[in-house]
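Take these sequences, add in the hints, and give me the full structure.
Positions 3 to 70 (the working numbering) are the ones given, in order, by the sequence shown.
Don't read these hints as lab results, they were simulated from the structure. Remember, it's a predicted structure, so these values are computed and weren't measured experimentally. Backbone N, C-alpha and C fix where the C-beta goes; we use that ideal spot for every residue, glycine too. Some clues are possibly wrong.
Unchecked claim - Computed Cβ-Cβ distance ranges for the label pairs, DEER-style:
1) G27 to D7: 21 to 31 Å
2) P41 to L21: 37 to 47 Å
3) R66 to L26: 43 to 53 Å
4) N39 to A11: 24 to 34 Å
5) L57 to K29: 49 to 59 Å
6) R66 to M28: 49 to 59 Å
7) D7 to P41: 53 to 63 Å
8) R66 to L38: 45 to 55 Å
To be verified - Computed cross-link-like contacts, DSSO-like style, restricted to lysine-lysine with a CA-CA straight-line distance of at most 30 Å:
9) K44 to K29
10) K29 to K13
11) K35 to K22
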Amino acid sequence: MSSVDYTRAAKYFLLVDFLKGFGLGMKYFFAPKATLNYPHEKGPLSPRFRGEHALRRYPNGEERCIAC
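Printed below as a string of structure tokens:
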């Protein structure tokens with residue numbers, strides 16, 4: 003008669019991996035969110051921030067690129 007590996011059987015029947023994954027999901031579910039309500043809340047800016055990339059135009063209508 004073959005011997006039974008009780009630790010393997012316990013992991014299978016007690017769904018240890020499922021419970022670990024569920025616990026991890028619950029941990030992140032209740033963690034504080036990192037999102038912002040953008041138009042009303044602004045995120046922190048670095049002191050080195052120099053603006054945004056934009057395509058500007060000269061007064062005569064010609065495009066000038068300041069992104070590079």
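Hint-by-hint comparison with the structure:
no. : hint                   : verdict
1   : G27 to D7: 21 to 31 Å  : holds, 29 Å
2   : P41 to L21: 37 to 47 Å : holds, 41 Å
3   : R66 to L26: 43 to 53 Å : holds, 51 Å
4   : N39 to A11: 24 to 34 Å : violated, 50 Å
5   : L57 to K29: 49 to 59 Å : violated, 44 Å
6   : R66 to M28: 49 to 59 Å : holds, 53 Å
7   : D7 to P41: 53 to 63 Å  : holds, 59 Å
8   : R66 to L38: 45 to 55 Å : violated, 32 Å
9   : K44 to K29             : holds, 27 Å
10  : K29 to K13             : holds, 22 Å
11  : K35 to K22             : holds, 22 Å
Against the hints set out earlier in the document, violations occur for numbers 4, 5, 8.
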